[in-house]
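Let's have the full structure, built from the sequences with the hints guiding it.
Numbering-wise (the working numbering), the sequence shown opens with residue 1 and increments by one.
One or more hints might be untrue.
To be verified - No more than 20 Å apart at the CA atoms, straight line, and that leaves these computed lysine to any residue pairs for SDA-like:
id: 1; residue 1: Lys375; residue 2: Gln411
id: 2; residue 1: Lys192; residue 2: Pro52
id: 3; residue 1: Lys350; residue 2: Ala292
Said to hold, decoys possible - With beta-carbon atoms standing in for the labels, derived distance ranges:
id: 4; residue 1: Thr152; residue 2: Arg466; range: 44 to 52 Å
id: 5; residue 1: Arg210; residue 2: Glu477; range: 47 to 55 Å
id: 6; residue 1: Ser444; residue 2: Ala136; range: 27 to 35 Å
id: 7; residue 1: Glu396; residue 2: Ala463; range: 39 to 47 Å
id: 8; residue 1: Gly54; residue 2: Ala347; range: 48 to 56 Å
id: 9; residue 1: Gln164; residue 2: Thr339; range: 28 to 36 Å
The set of hints was computed from the structure by calculation and includes no laboratory data.
Beta carbons are placed, not taken as given, at the ideal position from N, Cα and C, and that holds for glycine.
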Amino acid sequence: MREKHSLRAAVIAVAVALLAACGSGGSPSGTSPDPGKPQSGGTLRVVKQTEPSGLDPAKMLNQVISESLIGSSLFGQLLIVDDEGQTEYGLAKSLVTSDGGTTWQLRLRDGLKFTDGTPLDAAAVEFNWARLKDKAVGSPSRAFASFVKTMTPKGQTLDFTLTQPIAEFGSAIASDMNFIASPRALGAGAQKFDAKPVGAGPFVLKSWKRGGQMVLARNPAYYDAPRPYLDQLVLTFNTDTNQMFDTQQAGGADAVASSASDLLRTAEKRGLTVGASNLGGGTSLTLNTQQAPFDDVRARRALLMGVDRAAVNVAVYKNAAAVPDTLFADGSPYNGGTTLPKYDKAAAQKLFDELAAEGKPVRFTVTTYQVTQLKRVAEAVQAQLNQYDNVEVEVETLDYSTAVAKTVGRQFQSIVSAVTFDRPSPRLYTVLATGQANNVGGLSSPDLDEALSAGMKATDEKARERANREVARLFNELAPSLLFTRSAYGIAYSDKVHGVELYARSAIRTDSLWMTK
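Right, dumping it as structure tokens:
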């Protein structure tokens, strides 16, 4: 039951990101350098795709298309890790390991207080991280917090140990364990916390009209004066990408937070700058390796070679998406010389015939969500594969709740899904290692487990590179999923907006944002 509950939280996190970015594609453009000294004052208006159901930091996804703008505003950041693995500290002032990744010490800045006057100390961090681990909370970050074995708070210092060595555990903190709220306020219950969330971030909640707008006002007691530079951050919500950009063009917003394909394709036409993260992984068709036909690796390899992903791009995304060639981010040294399997119709048919001769013709269902583009992806895969001999593919379109339940129970053969990552450790371990919460396809390989563990343990870049290149090779060999578009999330903004800084999986800090008057 414990494993299933963990899997449910992981599946929900994947589904939310997938649905928010269902138009994913295109290559991210870098953030432009900001001209001049930051100016204080002004209101930044951002229209984004998803409105949160609540303000509990344990339920937030730290991505700009999800809750990063809100979480960063209310709670700030303990620390930031960039795509090169370099750490910049926020509410924390240091994070060190004494033994290569098992024993850690997190030190907070002195004198930190939540907006209710209570101390932001090590005990508060312990309280929040324990909530992330609590299966009853149902946090999408539970897989990462569960690496924490023991915690010992004393003043502003938290000593903690992990269940196994993870040399880059700071990456997990930055992406999934960064938001710390007042324990006293959280203890008052969800309804009171949503009405008056209490953190130590650069902004406080001024008002929130559900279905309307959220207004975040400058926190005058923020630790890092003169930040934040903005007086207010105003968020509105709209699931229609065209309407979002129309709002911006009509003067109703200064920035649009959406999936990268929409940003790059539309923002370029409208003269906007795009900030987006260069991520590995992508939107995928995940195969259930515990159930026929994909418990046979030959069926998985045949599918990967049998689908022309470029044709899927044309059929679904009008050739605007980026079709990944590698598991890791474009240009990453971790890819080595390994590229994803190429389209090879003859080789795929040979494997399909081989399986049929053994009495195992490939018959399966593609499960997808009731979202137009995701349904089209499933239908494009179906149309291609049904042209082969000894193959029969059906499509099953489900509502959100039913699809999540089916995924949690692994009652699927293949499902449209997504996995994105910046620094691979430890996120990729949670997705591919045997028995891990985010391993929805049930893949189990001792060799891959060993390579993933080696990557997590590595304390120098050369060792990390060797381990991750082996992960890339084994990912191709084991063929657990078909990556068909590169997921990249970001924000498009006018030339009046400055200080846009993304980190981790497109998380955004808000204390650095400022406006030209």
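Results of checking the hints against the structure:
For the hint linking Lys375 to Gln411, the alpha-carbon distance of about 19 Å falls within 20 Å, and the restraint holds. In summary, the hint linking Lys192 to Pro52 is supported, as the alpha carbons are separated by about 16 Å, within the 20 Å threshold. Taking the CA atoms of Lys350 and Ala292, the gap is near 19 Å; set against the 20 Å cutoff, the hint holds. Taking the beta carbon of each, Thr152 and Arg466 are about 34 Å apart, not inside 44 to 52 Å as hinted.
Between Arg210 and Glu477 the CB atoms are about 48 Å apart, so this pair conforms to the stated range of 47 to 55 Å. Restraint check, Ser444 to Ala136: a C-beta distance of roughly 28 Å satisfies the suggested window 27 to 35 Å. Take Glu396 and Ala463: their Cβ atoms lie about 43 Å apart, and the range 39 to 47 Å holds. The supplied range of 48 to 56 Å is met by Gly54 and Ala347, whose beta-carbon atoms lie about 50 Å from each other.
In this structure the hint that Gln164 and Thr339 lie 28 to 36 Å apart at CB holds, the actual value being about 30 Å.
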